[in-house]
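Going down the list, the sequences are from chains Z and U.
Under our numbering, the first residue of the first sequence is numbered 1, with each subsequent residue one higher.
Under our numbering, the first residue of the second sequence is numbered 1001, with each subsequent residue one higher.
Watch out, some of these pointers could steer you wrong.
Unchecked claim - SDA-like, lysine to any residue: derived pairs with alpha carbons at most 20 Å apart:
id	chain 1	residue 1	chain 2	residue 2
1	Z	52	Z	156
2	Z	136	U	1023
3	Z	253	U	1070
FYI, nobody ran anything at the bench for these hints, they're computed from the structure.
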Amino acid sequence: MKQIVVISGKGGTGKTIFTASLAALAKNKVMVDCDVDAADLHLLLNPRIVEKHEFRSGKTAWIDPALCIACGKCSEVCRFDAIAESDDEFEVDPLACEGCGLCARICPVEVIEMRENLCGEWYLSETTYGPFVHAKLGIAQENSGKLVADVREAAKRIAQSRSLDYVIIDGPPGIGCPVLASLTDTDLAVIVTEPTLSGIHDARRVVELTRHFRIPAGIVINKWDINPEKSREIEALCSEEGVSFLGRIPFSKHVAASLIKARPYVETAQDDVADAIRAAWKKIDSEPTGKDRRSS
Amino acid sequence: MFFPLRATASGGFSWGGRMANLVLAVEVLKVMGIPHGLVINRCDIGDGGVEAYAKQNGIPVLMRIPFDRTIAELYSRGINIVEKDGEYAEKFRALFKDIKNHYETDRGHQRKRGHG
């Protein structure tokens, strides 16, 4: 079983559109959406939710207004200024509370409860393209890295129990915590970038990240023809950094317009964009992955 | 604070993804109590869902930018469209003025409520 993660560093490079097409092209796989902060892949895969799971993480203080004696000690000790007095009552601002629990510890009448946060949900779904694990982080909720880890664990179990060949992961943009959680223990990182200054800058950072984790990486250039010169620069970067060059996809207005069909692009069109995506998948599929490389 | 929203998702989506992420962003701003307005990029692609959403939720549309390959090409070279195109420069100047007005009106309201 190979775990392939698609990341980009910079947002808006076409990562999710590319990943959705892999859902249509790769056989015998489970798809995973690890962009839990702003999940989008489900919009192109039309999932039918089979299982729903709660995601709980961290705690928030809650003061029982009926029993509170309004001494104000909790408000005094709170380092996050999360407890304020209004109309002789002390109330916790859940956005400011970090869940440290000092207020509950110090409360002389012990009426502060540390309540576990319901931060989001994750789902196991079926699609025309096979099983799909995805999630939804609640509004203004934290700890997306842990949710990513949970989602990936679920996908791995499915891949093992159903003897699947691939786990294909749509990673989040950036290089922060949820990206690390998406990247760890994968066999190949596919970096979808674009020939722009910021695209190249962020691709470099992502390449550094993959090297740090010793994960083999490859680059796909999307919208390559908006700047052929910068595209050549990215190809040069690949050979400098020992990263595989996996292909380049032309810019097309049809891609954005096709999204209204809510299906993977390769299923909606037979054009040079679809051909380029197919070619890139063929290359990815034949790439030696981490484990093969280590054993060779 | 006044927060201009950009109606393109980080996936470059022009309909569902853009719409879904826009709703998320608006929900966060509502929770945090931050006033907001909308800039719609690639406004000529899609089914008009973003416009309808803005109208239903009373979110002001500050600017509409049609699909334009030239912007992408300039951006790829690190050139800001407002430095090359007088028409866009004017549009962005008007946008900034508009945001400033919203900001000042908002502060006025807050002062009246005694929070400013």
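Here is how each hint holds up against the structure:
{"no.": "1", "hint": "52/Z / 156/Z", "verdict": "17 Å, holds"}
{"no.": "2", "hint": "136/Z / 1023/U", "verdict": "13 Å, holds"}
{"no.": "3", "hint": "253/Z / 1070/U", "verdict": "12 Å, holds"}
The earlier numbered hints are all upheld by this structure, with none contradicted.
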